[in-house]
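**Q** Sequence:
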Amino acid sequence: MINVCLPYVVLEELLPKLSAHYWMQSPNKERNEREEGNLKRSVHKADLLIQTILGTSTLTVEELMYLKAGDVLELGQSVHDPLVTNVGEKPKYYVQPGRKKQRIAVQVREEIKEDVDDE
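Okay, so the sequence shown: first residue is 1 according to the working numbering, each after it adds one.
The set of hints was computed from the structure by calculation and includes no laboratory data.
The structure displayed is predicted, hence computed values, not measured ones.
Fair warning: there could be bad hints in the mix.
As the list claims (entries may be wrong) - Each computed DSS-like pair below joins lysine-lysine, with the alpha-carbon atoms no more than 25 Å apart:
1. Lys113 / Lys90
2. Lys45 / Lys92
3. Lys40 / Lys92
4. Lys113 / Lys92
5. Lys100 / Lys40
6. Lys45 / Lys90
Input sequences plus hints: build the corresponding full structure.
**A** So, in structure tokens, the structure goes:
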């Protein structure tokens with residue numbers, strides 16, 4: 001941490017401009033096209049965690065130790081219920097599991113609406 005001391009005389013003209021009221025009243029700066037392009041490129045390159053939980057199960061440590069290929073775990077999820085896909089850590093979509101070509105995939109069925117009160 002660092003403390004910086006400046007004489008009041010130096011800050012006197014700036015103090016009125018430091019209030020929240022001043023910032024809310026001043027017109028918004030418009031971005032130029034180059035600045036906007038740079039921002040878009042940065043956002044497009046950002047990594048984003050997306051995960052779909054197929055279900056959950058509870059095992060003892062002993063059961064976990066003896067798991068082997070071919071064992072079946074019962075998940076607390078009906079095959080008829082949609083799954084939830086999280087974007088970041090927030091639930092975002094109801095999805096249906098399936099395949100696309102030779103890959104496991106999910107199909108988005110519905111967007112989960114955010115409650116305005118939660119923000």
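**Q** Taking the hints in turn, state whether each one holds.
**A** For each hint, the structure was consulted:
1. Pair hint Lys113 plus Lys90 holds up; C-alpha atoms about 11 Å apart against a cutoff of 25 Å.
2. The suggested pairing of Lys45 with Lys92 holds, with an alpha-carbon distance near 20 Å, which does not exceed 25 Å.
3. For the hint linking Lys40 to Lys92, the alpha-carbon distance of about 22 Å falls within 25 Å, and the restraint holds.
4. For the suggested pair Lys113 and Lys92, the alpha carbons sit about 8 Å apart, so the restraint of at most 25 Å is met.
5. A threshold of 25 Å between alpha carbons decides the hint, and for Lys100 with Lys40 the separation of about 29 Å lies outside it, so the pair is violated.
6. Our distance criterion of 25 Å between C-alpha atoms is met by Lys45 and Lys90, whose separation comes to about 20 Å.
Violated hint: 5 only; the structure is consistent with all others.
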